[in-house]
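Q: What follows is the residue order along each chain.
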Amino acid sequence: MTEKKSKVIELEEVVVKFAGDSGDGMQLAGSLFADNTATVGNDFATFPDYPAEIRAPHNTISGVSGFQIHFGSKLVISSGDIADVLVAMNPASLKANLNNVKYGGTIVVDADTFVGDGITKAGYTNSPLDDGSLKDYHLIAAPITSLTREAQKELGCDNKTADKCRNVFALGIIYYLFNRELESTFKYFETKFAKNQTIVEANKKVLAAGYNYAENVDANKTTFIVDKYPLKKGKYRYITGNSATAWGMIAAAEKAGLELYLGSYPITPATEILIELENRRDLGVKAYQAEDEIAGICSAIGAAFAGALAITTTSGPGLSLKSEAIGLAVMTELPIVIVDVQRGGPSTGLPTKTEQSDLLQALYGRNGEGQVVVIAASSPGNCFNFAFEAAKIALEHMTPVILLTDGYIANGSEVIPVPKLADLPKITPRLAKANDPNYAPYRRDEKTLARQWAIPGTEGLRHRIGGLEKENITGNVSHNPENHQLMATLRDEKVQRVADVIGDQKIIGDQEGDLLIVGWGGTYGALKNSLDSVKKKYPAKKIGLAHFNYINPLPKNTEDVFKKFKKIVVCELNFGQFAKYLKINLPQFKYEQYNKLKGLPFFVSELVDAYSKLLEE
Amino acid sequence: MENILKLTKEDFISDQMVKWCPGCGDHAILTSLEKIMPQLGKKKEDILIISGIGCSSRSPYYINTYGFHGIHGRALPIASGAKIANPNLSVWVTTGDGDCLAIGGNHFIHTIRRNMDIKIVLFNNEIYGLTKGQYSPTTPLGKVTKTSPMGTIEEPFNPGELVIGAGGTFFARSMDMNLKTQEEILLAASQHRGTAVTEILQNCVIFNNGAHAYINDREHRADRLIHLQHGKPMIFGKEMNKGIRLSPNSYQLEVVNIGENDITVDDLLVHDIHQEDRGVHMMLARMKAPDFPVAVGVIRSVIRPIYSDLLIEQIVRAKNSSTITNADELMQSGNTWNVE
Ligand SMILES: Cc1ncc(C[n+]2csc(CCOP(=O)(O)OP(=O)(O)O)c2C)c(N)n1
Ligand code: SF4
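Chains as they are written, first to last, in our numbering: chain A, 339 to 955; chain B, 89 to 428.
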């Protein structure tokens with residue numbers, strides 16, 4: 339080997355995207371790189387992006403599966419929008435992702451796939467590797483397929499088996515580009531495939547081969563170093579939003595001294611919460627895969643009546659099915675949490691893509707006046723906190739709570755300090771005492787208006803409740819007109835009083851001035867990054883971001899926050915559902931809107947363009 | 089235990105006014121339920137009655153236990169959640185043919201399939217009562233109702249077939265006014281560990297009066313009904329001279345006259361509620377007028393593990409084999425790293 343010297347460039351943050359056919363193992367390559375990134379000590383966030391079809395047609399755009407990772411020596415709060423490095427395992431994945439690669443960025447392709455009908459199926463007429471269309475990028479056109487086979491030759495693997503490691507070869511190239519060590523990934527192979535030494539060997543060889551190949555061909559060009567992110571002392575992990583949601587519920591149940599019950603029906607992208615909780619029988623979690631969404635939530639209502647911390651998880655279409663039962667939970671004033679991991683709609687829509695368009699359904703999608711608390715998590719990590727918070731509110735205020743997340747934060751992952759139960763707030767369920775002579779099913783706490791929870795088995799408190807209108811205090815069925823209005827008002831007021839405990843809405847950036855960016859839920863990372871960018875572009879302007887996690891009720895100071903800015907722009911991945919809601923609740927302000935409905939997260943650049951228009955008007 | 093034994097029917101009468109129509113079969117079913125409640129061997133606080141929506145589904149209000157009046161068709165999932173959350177509860181569901189078999193049909197078969205330990209009392213009046221007389225999934229073919237002005241063109245369900253077909257472990261049937269049989273089978277249901285379905289042929293005096301009159305008619309009842317009893321030969325008829333046997337030619341049930349063609353009691357089928365194979369139970373549940381007497385009594389009662397037991401077994405097993413015992417350990421598990 340001749341001596342080669344590469345130029346090492348230090349970067350603050352990088353976005354790498356792995357893209358390939360859905361069978362190419364891009365999710366695995368991406369997660370291995372994420373694991374390795376953790377060992378380096380960068381902060382990072384990831385986002386897998388895959389087609390709805392399990393085996394979409396090979397070599398087509400619709401079959402492209404991607405895994406994006408954003409890492410840096412600074413705090414990383416989104417999976418990033420434009421990639422610095424793209425791995426494209428075939429022409430279709432190049433075609434699908436080229437628009438989102440930085441000019442001058444690095445593109446790694448498997449040159450072996452840029453032949454024959456792979457090119458035409460992707461919609462190219464000629465190979466983009468030869469026609470000069472990639473001249474603005476640093477192209478590494480590696481014959482990945484043939485070199486992967488070559489690397490395993492002595493192990494006697496046939497081509498079909500050998501080709502399964504193409505992703506690992508590509509990973510090896512990326513390891514070289516980012517000056518990574520291979521050891522930790524070798525160890526992963528050793529434990530993961532402990533039962534099959536040939537596979538361990540094959541993967542190790544291929545990873546090293548990819549690394550060496552890059553070193554050999556790329557040596558006079560560039561590799562990158564991204565410094566450690568100076569995290570505070572402590573223990574860290576990374577976690578996906580769905581796992582964090584499940585864990586937040588587990589923590590809440592333990593904190594409240596209750597059993598955790600989940601009634602759910604599989605639906606993308608919420609299923610992982612069900613899976614995570616089904617795997618926690620060791621913690622006594624009773625997770626129940628019901629026959630449909632209606633049964634899921636109804637079983638949760640039954641479990642709540644019987645005294646469990648009861649939750650149900652779903653995505654948009656499932657939330658529609660649950661509507662009637664949410665009304666029942668409103669009427670019976672039982673504590674349940676409904677998690678809606680939003681996806682593109684309507685109907686089955688874009689099951690694997692992200693959107694924020696269930697907000698109005700969550701707020702209003704019920705017959706009758708049926709207010710519920712609605713809160714939204716805004717990052718994979720804080721799904722934990724908001725799941726915990728949703729459970730706390732449900733249990734302490736005796737109300738159903740809808741927790742909104744979305745496909746982007748649910749599947750995405752981020753680095754978080756390992757949460758500790760001792761650091762979490764207390765949860766005090768409103769359990770009634772046996773034989774309490776003053777117990778009445780609908781007698782309320784003066785402050786919160788929450789009723790008491792008398793669970794079957796409790797002596798002396800037998801009572802009957804249900805979906806028919808309740809008589810105040812006794813809970814008996816009542817059709818009295820005055821009583822109906824009174825009870826509806828009390829239920830409504832009970833939800834509004836949750837505002838007493840949720841604290842003030844914070845503003846990030848300037849606290850008053852020219853433009854307030856308003857968002858909610860899973861767009862936080864993009865909006866925060868867009869705030870930083872627009873501030874750089876307009877140093878003289880005063881710009882703030884109010885990102886909402888509490889939606890119903892809104893924080894009490896919302897009006898004060900809005901008052902402080904000349905312009906307000908509400909940015910959402912829908913046609914303006916939060917903006918509509920704000921117009922209803924705070925009609926005195928004018929709300930500009932930036933909306934996107936492509937099944938994709940926001941790009942910082944498009945947001946900055948939108949703000950620029952408003953700032954220059 | 090002593091306290092439990094001292095309970096009486098009065099302990100289970102609630103203070104709510106019963107609003108069913110005078111003469112409705114529901115009254116008799118309520119009486120039977122109140123009568124058997126003290127015999128469950130449970131504290132009254134450990135009994136939970138859940139329902140959907142319909143006339144029949146109002147019954148939880150009228151019985152003084154813990155109770156839950158749900159939404160149309162959904163009593164079974166509500167009950168399933170309650171039972172899973174607290175397996176110690178004796179969980180009862182009162183439901184109608186519309187509630188249980190139309191809107192709730194899916195939940196019905198799945199609850200049975202899981203052998204969820206719930207006692208289902210299915211009030212079958214072959215009509216929608218509460219919504220005033222539309223046909224239900226058990227309304228006989230061709231019957232004129234408000235929503236079938238020219239007669240229904242839908243084949244009805246037989247609840248027993250559904251239960252046994254879905255792998256049900258307990259099915260019994262009775263007539264609303266026959267309190268003795270009714271209490272006997274409700275008690276048997278209460279003692280069954282698993283989904284126990286009791287179909288009660290109930291008369292809706294307002295919208296389907298006399299729906300079951302053909303089989304329940306005092307004069308002909310003995311010839312049109314057979315009260316099956318475990319271990320006893322299947323005999324019926326005013327003169328107790330008719331019986332049921334398995335036809336040696338067709339392997340199907342047939343009605344025979346004892347004493348004719350050399351047929352004796354020994355030729356009759358002996359009822360075995362515990363027979364695992366569903367075949368004969370299915371045939372018994374399907375018997376219908378006018379060719380056969382309708383079977384009442386316990387038709388099937390077999391033992392299969394119940395959902396909540398299996399779940400708890402798994403929880404115990406998982407706890408014994410896991411190193412994770414609380415939320416903190418869970419959050420510390422897997423891939424974590426320290427920043428110094
Ligand atoms: C979602 C929904 N659909 C329809 C209804 C109207 N509804 C109430 S009870 C009922 C049928 C009741 O019939 P059944 O279950 O046979 O009970 P019965 O009144 O005869 O005892 C219907 C259609 C409802 N309450 N909710
Ligand atoms: S309508 Fe029929 S089922 Fe309902 S209470 Fe009256 S008689 Fe009974």
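Hints may be right or wrong, so weigh each one.
[What the hints assert, rightly or not] Here are the simulated DSS-like cross-link-like pairs (lysine-lysine), alpha carbons at most 25 Å apart as the crow flies:
id, chain 1, residue 1, chain 2, residue 2
1, B, Lys407, A, Lys758
2, A, Lys875, A, Lys894
3, B, Lys376, B, Lys231
4, A, Lys902, A, Lys875
5, A, Lys498, A, Lys473
6, A, Lys542, A, Lys570
7, B, Lys376, A, Lys771
8, B, Lys407, A, Lys771
9, B, Lys231, A, Lys771
No wet-lab data here; the hints were simulated from the structure.
Q: Where does the structure disagree with the numbered hints, that is, which hint numbers, in rising order?
A: Of the numbered hints, 2, 5, 6, 7, 8 and 9 do not hold.
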